[in-house]
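When you line the sequence shown up against mature numbering (1 follows the signal peptide of the UniProt record, and there is no 0), it's residues -23 to -1, 1 to 234, in that order.
Be aware that one or more of the hints could be misleading.
[Unchecked claim] With a straight-line cut-off of 27 Å between C-alpha atoms, the simulated BS3-like cross-links for lysine-lysine are:
1. 13 with 62
2. 78 with 13
3. 143 with 78
In short, the hints are calculated from the structure, not lab data.
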Amino acid sequence: MKPLKMLAAAALFAVALPAASRAADIAPVPDTSDWKFTVAAYGWAAGLNGDVGVFGLPAQEVDLPFSDVIQNLDFAIMGLAEARKGRFMMGVDATYTNVSKSVKTPFGILADKIDVTNTSLMLTGVAGYALYDTDMARLDLIAGGRLWSVDNEFDVKGGLLGGKSKSDGATWVDPLVGAKLRVGLAPHVYMASWAMIGGFGVGSDLMWDLMGGAGYDFTDHVSLFAGYRAASVDYSNDGFVYDVVEQGPVVAAVFQF
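With these hints in hand, go ahead and build the complete structure from the sequences.
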């Protein structure tokens, strides 16, 4: 009986092997070794509200709606990039603005006007891990840092003080932690958001950044996103004070490959 059992087992193996091979062709094991990249160029129509102080003078309340900012905007660049492999990700986000305005002085004796130029850089780098990752939703826990660089330059034109200039600003780095969420709402429609908090007295006393909105996938590689973003920082050092909130709508073109 033993040879018959061996012969039967061999026959079953011969039948099962091609079937298993065909099943592998139909449902191959996913390849998780490939990197996936996301790049986005966006516009953030942010106004600014808060307290700003320079040269050790008392901080002054500032309330600039986006209409005032865009009227005096000289240059701006905003974008983000993300690389993902399996459950791990890393990303960068950058916003840079250069705004200038001429302020007339009373009487025009000491100066005819003062040209004020503000440059602001917010550069964020994070790494993260997908705590939850399915075809419908993904939740990333992230940690990293944000570089802030703010500079205010004052150029005096005309009058007794014409030709003089002075600047005041600061550069610092805030550690941060947070989360990112993406959820599929319907075919081609998704929701995306992030929440970050940091500073903790290392750079600023406190900083936070909240963003949320919805997007539409035109193809597997191109989508359009619209939402709202608010970011805040409370920093002071050596007579320089920057305690502000920037907030406004965001529109982005997103590319995935």
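State the violated hints by number, sorted upward, taking the hints as numbered earlier in the document. Per hint list: single violation, 2.
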